[in-house]
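Visitor: In case you want the letters, here they are:
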Amino acid sequence: MLSRVAESLFWMSRYFERAENTARFLDVNFNLLLDLNKITHVENPNYWIALILVTSDKERFNSLYESYSAHTVTDYLVFNKNNPNSIISCISLARENGRSIIESISSEMWEQVNNLYHYLQGVTPQFVHNDPYSFYKEIKNASHLFQGITDNTFSHNEGWDFIQIAKYLERTDNIARLIDVKYHMLLSEAQNQGDIIAGSEDIIQWMAVLKSCSALEAFRKVYLSKVDPDNILRFLILDRSFPRSINFSVCAAEDALWRISGSSRHRYVNNADRLIGKLEAELSYTAIEDIYAKGLHHYLEDLEQRLVKVGEQVHLTYFAYHTPEIEPLDIEEALPFTGVAGGRPNWSQAQQHQQQQ
Amino acid sequence: MSRFFDHYNAECSHFFDEVMATAGSPRHHYDKMLQRFGQFSLDDIKARREIVNIFFRNQGITFTVYGEDDGVERLFPFDLIPRIVPAHEWATIEKGLIQRITALNEFLNDIYHSQKILKDKVIPAELILGSQHFRREFVGVNPPLGIYIHVTGSDIIRDRHGNYLVLEDNLRTPSGVSYMLQNRQAMKRAFPVLFDKYKIRPIENYPQELLRTLQEIGPTSRRDPNVVVLTPGIYNSAYFEHSFLARQMGVELTEGKDLVVHNNKVYTRTTRGLEQIDVIYRRVDDAYLDPLVFLPDSKLGVAGLVNAYRKGNVTLANAIGCGVADDKVIYSFVPKIIKYYLGEDPILENVPTWLASNPDDLKYILANLSTLVVKAANESGGYGMLIGPESTIEEQEQFAEMIVAHPRNYIAQPTISLSRHPSFFNDTELWGCHIDLRPYVLYGKTVTIVPGGLTRVALKRGSLVVNSSQGGGSKDTWVVDE
Amino acid sequence: MILKVEHATLFEYDNPIYETATEVRLHPDNNPAAPQRCASFHLEVDPPATLFEYTDFYGNQVNHFNLLQSHKRVNITATSVVETGMGISAASEDEEISLMDFSCQSRYVHFDQAIRDFAARFATDTESFQLAESICRHINDSFVYEPGITDVHSTSAVVMALGRGVCQDFAHIMLATCRSLGIPSRYVSGYLYGGSTPDGHDEASHAWCEVYCGKERGWIGMDPTHKTIFVDERYIKIGSGRDYSDVPPVRGTFKGNAKESLHVSVRVSSME
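Residue numbers (the working numbering), protein chains in the order written: chain A, 324 to 680; chain B, 60 to 541; chain C, 33 to 304.
For the record, the hints were derived by calculation from the structure and aren't laboratory data.
Check before you lean on any hint, since a few could be wrong.
[What the hints assert, rightly or not] Derived pair list, reagent style DSS-like, types lysine-lysine, alpha-carbon separation capped at 27 Å:
1) A:K632 x A:K617
2) B:K358 x C:K104
3) C:K104 x B:K324
4) B:K178 x C:K104
Let the sequences and hints guide you as you build the complete structure.
Guide: Below, the structure is given as C-alpha cells:
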C-alpha cells in the first residue's frame with residue numbers, strides 16, 4: 324500500500340492510544356488522591372509531578388506553569404495545545420491523519436474520531452474538574468469504540484497490521500514509563516519511611532499502579548491478594564495473556580510486523596523485525612530476578628530505547644521517503660519525522676538560478 | 060395528467076421545453092413518465108426524495124470542500140424528474156461527438172508536430188502561440204496511439220427550435236461523471252417502476268470502460284500497465300470523484316507526494332518499495348504537474364514527469380497541452396477544424412461566436428453588448444462573463460474597457476434560450492429550468508461514449524447558469540430505446 | 033578559434049536534502065546553422081547520476097538527471113571544446129511562425145511605457161540590421177554595467193527603472209526594445225573568451241542577443257554589454273530562446289529543509 328497511507332494509519336492509531344493512556348493515568352491519579360485524602364488530608368504534589376515525568380517533558384511544563392497541582396497538571400495533559408502529547412493534541416493529530424486518508428478508513432472510523440475531536444472542543448476545564456470520572460470514562464470509551472469499530476469495519480490487511488503495530492508499540496512504551504516512575508516514587512517514599520511494604524497507604528499506591536493499567540482485576544485472578552512489588556512487576560512486564568502487559572504487547576506488535584513482512588521466527592527480513600524479534604525472544608525467557616539484577620530502572624530505560632529504535636526502523640523500512648533499495652538504512656540521513664504524515668516538507672522547491680554576466 | 064404537470068407552465072412559445080411539445084401535449088417519449096408521475100401524491104414525492112437523499116448521504120456525495128471547521132456538507136442538488144433522450148436523437152449526438160473529438164485530436168496532434176493548420180493559415184498562429192495552454196515542452200512528443208484527449212466532455216445545449224448545439228468543449232479533466240453514476244443509482248432506488256417501463260441504456264460500466272481506455276493508451280512496451288489516479292488531494296472540490304473513480308476501477312489513488320521520478324521512470328512509494336507506474340489519470344492541471352518544468356512551487360505534481368512522458372515511460376491521460384484546444388476562441392474554429400482534418404461538415408453545430416480579436420467581430424460585439432453573452436476565453440466555470448440582457452449600462456461599459464484592452468481574451472455569443480425541463484421547486488411544484496448536457500467521451504483504441512451523460516440544471520429560477528459552483532444541480536439522463 | 037570551456041556549478045546545503053531533479057543547458061550549440069562546431073562535450077555530476085538528454089522547442093540540447101538519496105551537495109561540471117568563427121547563423125526555411133515567439137513579450141521581456149519611450153528615440157525607417165545595431169550601441173552607452181544591483185529574476189521593466197545591471201539584463205533590454213519596434217530577436221546564452229564582464233572577469237556564463245535581419249542576412253549576433261557590439265569568434269553559443277527562462281544554464285528542484293548556497297565558476301581558454 325502507499326507509504327503515506329500506511330504512515331497515516333500508523334500515527335492515527337498511535338495518537339489515539341496515547342490519548343487513552345493519558346486519560347487512564349489522570350483518572351487513576353484522581354481516584355488515588357481521593358483514597359489517600361481519606362488517610363493523610365494532604366495534597367502531595369509528588370503524585371502530580373509523577374504524571375509529568377511519565378510523559379518526560381518536565382521542562383516544557385515548567386515553562387508554562389508555576390506549580391504542580393491538580394489544576395495545572397490536568398490542564399497541561401488534557402487541554403494545552405502547546406503540549407504535543409496532551410489529549411487534545413493527540414486527538415487532533417489522530418483526526419488530521421485520519422482525514423488525510425479518509426478514503427482508506429471506514430466512514431464509521433472517521434465518524435468516531437471526528438466525534439471525539441468535537442467533543443473535546445466543547446469540553447471546558449471546569450467540567451473536567453467537577454467530574455473527572457465522567458470525562459476520562461468518555462475518553463476511554465471512545466478509544467475502545469474506535470478500536471472495536473476498526474476491528475470490525477477495517478479489512479484485516481496490511482493497513483490493519485500497521486494500526487496494530489502502532490497501538491502496541493505505544494502501549495508498551497506507556498506501561499514501561501508508568502512502572503518506572505511509579506515504582507521509584509513509591510520506593511523512595513518507602514525508604515524514607517524505612518519499610519517497603521507497610522501500611523494501607525502503600526497498598527493503595529501499588530494498587531493504583533495496577534489500576535492505571537486497568538490491570539487490578541486481572542492481577543487478582545492470578546495473584547489473588549498478594550499485592551507486592553514483585554508480583555506486580557511480573558504481571559505488568561512478563562505476563563503473556565493480559566493485553567496491557569509489556570510482554571503481550573511486544574508479541575502483538577511482533578505478530579503484526581511479521582504478517583507484513585512475511586518474516587517468521589529465526590528468519591527476519593528487515594531491521595524492524597530483527598529488533599522486535601530479539602526483544603520478544605528475550606522477554607519470553609526473562610524472570611523477575613533478571614530484571615532486578617539489571618536494576619529495574621535500567622531495564623525499563625533500555626526497553627524504552629529499544630522500542631524507539633523499533634519505531635525508527637518501521638519508519639525507515641515502510642514509510643520514509645527514501646526506500647530501502649535506494650538508501651542505506653541510516654537514521655542519521657533520514658529526514659526527521661514530525662508526527663503527521665506529510666508534515667515533512669515533501670514538496671519540491673526550486674534550486675537557485677545563476678545570473679548570466 | 061398529474062397534479063404536478065397540470066400546473067406546469069412550459070411557456071412553449073418562448074422556450075423549447077423538453078417534455079411539452081405544446082401546452083398540454085407532451086412529447087411521446089415522456090408519456091410513460093407522466094403516467095407514472097400522475098400516480099404520485101406530494102407524500103410520494105417526499106418519500107422518494109428521502110430515498111435519494113439517504114443514498115447520496117451514505118455515499119458521501121457532497122461538494123463542499125473539506126474546510127477548516129468541517130462545516131455542513133451539502134448534498135449536490137438533484138432533481139427527481141429524469142431527462143429522457145430517445146435513441147434516434149442520441150445517435151446523432153453520438154455521431155457528432157465522435158466526429159468532433161476525432162477532429163480535435165487530429166488538431167492537437169498537428170499543433171504539437173508539424174503545425175500544418177497554422178502554416179495553411181486556417182487558424183491564426185498567434186492564437187496558438189499566444190495561448191497560455193500551449194505547452195512548448197510537449198512539441199514533438201508522440202503519445203501512444205497519437206491520442207491526446209482520452210477523457211473529454213463537450214457541453215451540449217438545445218436552442219429554441221430544439222436543435223442540439225455544442226456550447227463548449229472540455230478537454231482537460233472534465234468532472235461530473237461520478238454524479239452521473241450516482242444519480243442513476245439513486246433513481247433506480249427511488250423509481251423502480253419507471254425502470255421497468257423504459258428500456259434505458261446502462262451506464263454503470265463507465266468505470267470499466269475508463270480503465271480499459273487507460274490501459275489501452277499505456278506505453279507500448281508495457282504489457283499490463285499499472286494505472287493510478289492522481290488527485291490534488293482532499294481539499295480539491297472534486298476529490299470525491301477522484302477517489303470514487305479510483306475505487307470503482309480498482310486502482311490506487313495517489314497524490315503528488317506519493318510519486319517520484321527516478322531515471323525517467325515514474326514510481327509510487329509503497330510499503331514494499333518503489334513500484335513503477337505506467338498510466339496516470341491525472342486530475343491535476345498542466346501547470347501544477349511538474350515543478351521542474353512548469354510552476355516550480357507546485358506541491359501537487361512530481362519533478363521530472365514531463366521528461367518521463369517524453370521518453371515514453373509513462374502516459375498521462377489527458378496528454379499535456381490539451382488546454383490549447385478547449386479555449387473558447389479555438390472553439391469558434393472547430394467547424395473549420397472538422398473540415399480541415401476530416402473533410403466533413405460538422406454534424407453538431409457550434410453556437411454562433413464572435414471573436415473580439417477579429418476587428419470586424421469586435422465592432423459588432425461592442426455595438427451589441429446588451430444582447431450578447433460575452434465570456435472570457437481563458438476561464439471556465441462561468442466567471443468572467445457578461446450576460447447582456449441582464450446587465451446594467453455601467454457593467455457593459457466596464458466590460459467594454461476590458462475587451463478593448465485584451466481582445467484576445469474575449470468572445471461573444473448570442474443569448475441562447477436554453478431548453479427547459481420541468482424541475483421541482485421544494486419538491487412541491489414544477490418550474491421550467493434551463494438545462495444542458497455533458498456527455499463523457501472516452502478515446503482509446505476506439506471512441507466510446509456513455510449513453511446520456513450529466514444533465515445539469517439551473518435550479519435558481521430564471522438562471523442560465525448551470526455550473527455546480529454557482530447554484531446548479533443535476534438530473535438523471537436516460538437514453539431510451541424505442 | 034578553438035576554445036575550451038569549463039563551467040562548474042556547485043550547490044551546497046546545510047542539511048541533507050533529497051530528490052534533486054535538474055535540467056542543464058550547457059551543451060554548446062551544434063546545429064548546422066550555428067557559426068561554430070562543438071568538438072567535444074563532457075558532463076559530470078557528483079554524486080553520480082544517470083544522464084539523459086533531449087532537444088527542446090528552441091533546438092537547444094538539454095541534459096537532465098535526478099538524485100534520489102539524501103545528499104548535501106550537487107556538483108555539476110561541463111567541459112566542452114568548440115571551434116568558432118564559422119560563418120553567421122543562417123535563417124531556416126519556415127521561420128515565419130517561429131519568429132512569432134521572438135516578436136512579443138515574454139516572462140522577462142515587457143513592453144511597458146518606459147521601453148516604449150526608450151524605443152521612440154530610434155529611427156524606424158531603417159533596415160532591421162542598422163536599427164538593431166544603433167539600439168545595441170545605445171544600450172551599451174547608456175546603461176551601466178554593475179553586478180549586484182539586479183538579481184536573476186529581474187525583468188526588463190526592473191532593469192529599465194534601475195538603468196544598470198549585467199549581461200542578462202542588457203540582453204533583456206535589447207530584446208524589449210527591438211521587439212517593440214517589430215524586429216524579431218532572441219536571447220542567447222553562452223560564453224565569451226576573455227571574460228564575460230566588460231573588464232574580463234569570469235564568474236558566470238554570458239548572455240547576448242541574436243537579431244533577425246531578414247531572410248538573406250538571417251540571425252545576427254549582437255552583444256549590448258560590450259563595445260565591440262558584434263558577436264565574433266570569441267563567443268561560444270549554448271542556445272537561445274525568448275529570454276533567460278528558456279535557456280537557464282542549470283534549473284532544478286529538490287526536497288528538504290535546508291539552506292542552499294550556489295557557487296559558479298567559468299573558465300574559457302584558448303587551445304591554440
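Visitor: Does each hint hold? Answer for all of them.
Guide: Status of each hint after checking the structure:
Simply put, K632 of chain A and K617 of chain A have alpha-carbon atoms about 20 Å apart, close enough for the 27 Å limit, and the pair holds. Distance hint between K358 of chain B and K104 of chain C is fulfilled; the C-alpha atoms sit about 22 Å from each other, no more than 27 Å. For the hint pairing K104 of chain C with K324 of chain B, the CA-to-CA distance comes to about 24 Å; that is within 27 Å, so the pair holds. For the hint linking K178 of chain B to K104 of chain C, the alpha-carbon distance of about 50 Å lies beyond 27 Å, and the restraint is violated.
Hint 4 from the list above is the single one not met by this structure.
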